[in-house]
Every structure is written in C-alpha cells, then in structure tokens.
Amino acid sequence: MTEIEPVLPTPTREAQPYWDSLREGVLRLQRCADCGQVRHYPRPMCPACHSMADDWVEAAGTGTVHSWTVSHHAFHPAFKRDLPQTFVTVDLAEGVRLLAPLRGDAGRIAIGSAVQIEIEALDDDWSIPVVRLA
Amino acid sequence: MATIASKAAVTGIGETAYTRGTDKSILALQLEASLAAITDAGLHPTDIDGVIVYSNGVTVAEDFITNLGLPDLRFSATTPMGGASCVAALQAAAAVVATGVANHVLIPVGRTGYSGERIAARVQQVPQFRTIGEFEMPMGAIAPAQLYAPMARRHMELYGTTSLQFAEVAMTMRQHALRNDNALMTEPLTVEAHQTSRMIADPFRLYDCCLESDGGAAVVVSRTEAARDMAQPQVTIMGVAEGHPDSPSTITQRPDLTQLGTAKAAPRAFEMAGVTPADIDVAEIYDCFTYILICQLEDLGFCAKGEGGAFVEGGRLALDGALPTNTHGGLLSQAHILGMNHVVELVRQLRGIGGPAQVPDAEIGLVTGYGDLGDGAVAILRRGA
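In order, the protein sequences belong to chains A and B.
Take the first sequence: its letter number 5 is residue 5 in my numbering, and every next letter is one higher.
Take any residue in the second sequence, count from 1 to its spot, add 1000: that is its number in my numbering.
Rather than coming from a laboratory, the hints here were simulated on the basis of the structure.
There may be inaccurate statements among the hints.
[Stated by the list, open to error] Looking from chain B toward chain A, a few residues come up when the C-beta cut is under 7 Å (computed):
hint : residue
1    : T1131
2    : E1134
3    : M1137
4    : P1138
5    : M1139
6    : G1140
7    : I1142
8    : A1143
9    : Q1146
10   : R1153
11   : E1157
12   : M1199
13   : I1200
14   : A1201
15   : D1202
16   : T1252
Don't be surprised by glycine CBs; every beta carbon is placed ideally from N, CA and C.
Turn these sequences into a full structure, and let the hints guide you.
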C-alpha cells in the first residue's frame, strides 16, 4: 500500500516560531510585546494596540471544551484511518482558542470539560497540538 | 445622507439547467446564464457595462468582454465572500448603478461542484481559507461541514436545538423542490430518512448538507429609473448590506460561535429598506447546512438568539407557513449555485412567476448569502417601484 502524504502546513512568516516550538514539543503563543495581549492564530499586528512587536510565551497546556464535532467523513485520504475523529474547540487558559483532535476517550465530553494539551508529531518536521480530556 | 435604498433594481434573471454531471466548463455555464439574464432584461449584451465576477478566480471580467463582446466595460469587481458573494454583489452593483458609474451590471456565477473538484479541494484554494489552511487543515479539519459543526454543536448545547429541528428544515426544502422542474431532488424526504442518513460531521448528517451540483445563474442590476421602461415587471432593491463576523478567518477564535456576519448586515438592510422582519412575505435564505439557515433566522431578527430551532417547527417555513422559505428548494434540495439561485427565485416570486411554488401576493421578499466561515449578506426586494 502506498503511503499517503500527510496534510502539512505552509507557515506564514509570523507563525514560524509557533511551528518551531511545536517541533520542540512545546505549545507557545504569540504575545504583544507592548500591551501584553496574547493572540492566536499568529499574525503581524496586535488588534488591540496595533503594535507589530511580539514575543512568545509557553502555554500552560490546559483548557476547557468550548465546542466539538465528531467527523465521520475524512475529506482527505490522510485522515481516513483516524475516523471517527473528534475535533475539540478549546478555550485555553491564556484566553485564546485552539482547534485540535481529541486523543483517548471522548465519552463524557461537554462544554466546560477540562482538557490537557499534548504535542504529537505528524512527521519528522511537523507537530500539532492534540487534546485529551483531563 | 446619500443612500442606495431603492435606487437599483434586478432587471434580468437567468439560469441554466441544474444537473449532477456536465461536460460544460464553469465559464460556459456562466455565459449561458448571463445571456439568459441579459435577454430576460430586454437588453443586448453590448448594453452591459459592469460585471462582478465570482471571486474564486476561475473566471475574470475579461472573459465576459471577450465572449459577450462588451465594447466598453466601465466597472469590474469581485465580492470575495464565498456563498455571501452574490448578495454582497447586489450591494456593490446597486451602489455602482445608483451613482452612474455603470448602467447595467451583470453578476454571473457558475460551478461544476459535482463534475469538477469537490468541496475539500476547492476550499484549499480559496485565499479566505489560508488561515484555516495553515492551522486547522493539517489536523484533518478541512471541509465546511467539519468547520461549521462546532457552531451547530454549541448552539444545540446552549439552546437545546435538536437534529429533529434540522430535519424539519431539510424536509421543507425538499417539499419545495418537488414543485420545481429545475431541482435535483425529486423524491420526498422523511424524518426517518433524515435521522438515519449517515453522519458526516456530528451533528451534521448527510441530509443536513447541501448538494454538489453543476450549473450557472446570473442577474442584471440596473438603475431604478431605467428599470421602469425595461422588459420585466420591476423588482426594486429596497435595502442591501454585507456583514463580516468577528474573527472572520477562523471560526475557532470567534467570540460568539453562534453569530454570523448576518447579524451585522441585517439591521443595516432592514433600516435601509424601511421595513421589519414582519413585513417579509417570502424569504430565500442561504442553506449550505440546515443549521446555518436556523442561525440566520435568529441573526435576521425573525426570532431571538436560541429560538431558531423552535421557530422552524410546525411548518413555519412551508409555502403555506408564516414565512415561506426557499420556495425553489434551496441549496439543500434544488442545487448549489452559490445562492444566486436564491436571488433568481426571489425575483421570480416578486414578479409573480413562481409557478407551483408561488407565494400568493408576494410583495416584499428577503434573500441572504452566507459563506467563507461566517460572512453574511442580506437584500430586501419588493415588487414594483
């Protein structure tokens, strides 16, 4: 059987530190170096104060469920083996959200359920955040 | 203050046959629909001096100059809002003809959603999906069904909205399609069939999702004074507006997952039109998913946030209901022609040529577009000047 290529990101310049951190196994978030607001997904300008200076903070790796879906159709061959696949919209402790696939049991998922973030490798170069019910 | 309220009219409508399978190109489908709309308006192609092309880059204004033989195109634009593009284009066209930039603006769309590339491949090419492409698609969240499902799930958890209420929407659209010769779905849909259809992205089952279809549709927008002497009964654009949601590039980061750009557009459109939701005789509401129609009913002000599920119960959207909606069968059961089929159908209703799906005495109607992860557009039209 032919190996199916994973769907990989094409990073924007501003998001390169995000992807670099994930490869190191750490979830870091972009923060405005002037007003301190954390923003996600990464972008050039702080929408609060319009500063273009940023730094990166390590996320606590905890959050709660804001919403979710269970996907039963892959829409890309790379994800067929994962079906059914739960995707969780997470309210991170830092005040921004993350969309990530659920690992482990989804049994009692509900809005507000506590989750933990883990980092998972797609291949040698790319890693993504995944969530597990706490 | 200057306004475009009632300064423009939809003077021509055109559609191809809607199919599942075609040998025609997207451009050919658009040209066929365009010629039908221009002819319907009583115009000659050389009268067209403005064109708003669909924003996916498949066709460009030059294609219409070249094929229709337009001698002097004075205005060209795109309104890159996915399924909200067609109604947003009505706003742009109304502004353009009201101010004399152009006289007759053609808005063509066409797609080969069935015969060409499918939805997952198409959205990966849309610039407005770039953020999703970088951060969400690598995890497997690729198609609108997957990306929109968390909005529906949260609505259900917060407000008690149910899959049976989704089914009511799907069944009503199907009933309307059965009255339409140019609809793809030709068999009734039962609640059982809906409830047992395969799950795509929970809570969306197969029959919560719109069709993939082939076809083209187009309209011509002209200045109101010109419309009076044109070929068809006048249909005036009373009010029209577009709205972009908070966090337009990604649903995940949106402060309120249950609100669309429609919530910003609707008050503007109603105010411009000088009417309220109670004045609407017939509605054509973008229905890429059953839930998206329900959410728009709330954002439009037909009911309060959270009450959309209960609102659609008891046949309220049916032809003999309080708010006859998607009288052509919608994207769910007629065809997915980017919502231009909704615009065409509303004009037909207001001209009184709705055939077996005609709403008696339809005088004022509303049409919406929705797309690109939350953009909304609303137009309110009336028959006569």
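For each hint, the structure was consulted:
1. T1131: holds (6 Å)
2. E1134: holds (5 Å)
3. M1137: Hint holds; B:M1137 Cβ to chain A Cβ min 6 Å, cut 7 Å.
4. P1138: B:P1138 check passes; min Cβ-Cβ to chain A is 5 Å, inside 7 Å.
5. M1139: holds (5 Å)
6. G1140: It holds, given that the least Cβ distance between B:G1140 and chain A is near 4 Å, below 7 Å.
7. I1142: holds (4 Å)
8. A1143: With a closest approach of 4 Å, the B:A1143 hint holds.
9. Q1146: holds (5 Å)
10. R1153: This hint holds: B:R1153 lies near chain A, its Cβ roughly 5 Å from the closest one there, short of 7 Å.
11. E1157: Since chain A brings a Cβ to about 5 Å from B:E1157, closer than 7 Å, the hint holds.
12. M1199: With a minimum Cβ separation of about 4 Å from chain A (threshold 7 Å), the hint on B:M1199 holds.
13. I1200: Because about 5 Å separates B:I1200 from the closest Cβ in chain A, which is inside the 7 Å limit, the hint holds.
14. A1201: holds (5 Å)
15. D1202: holds (4 Å)
16. T1252: Constraint on B:T1252 satisfied, holds at 4 Å.
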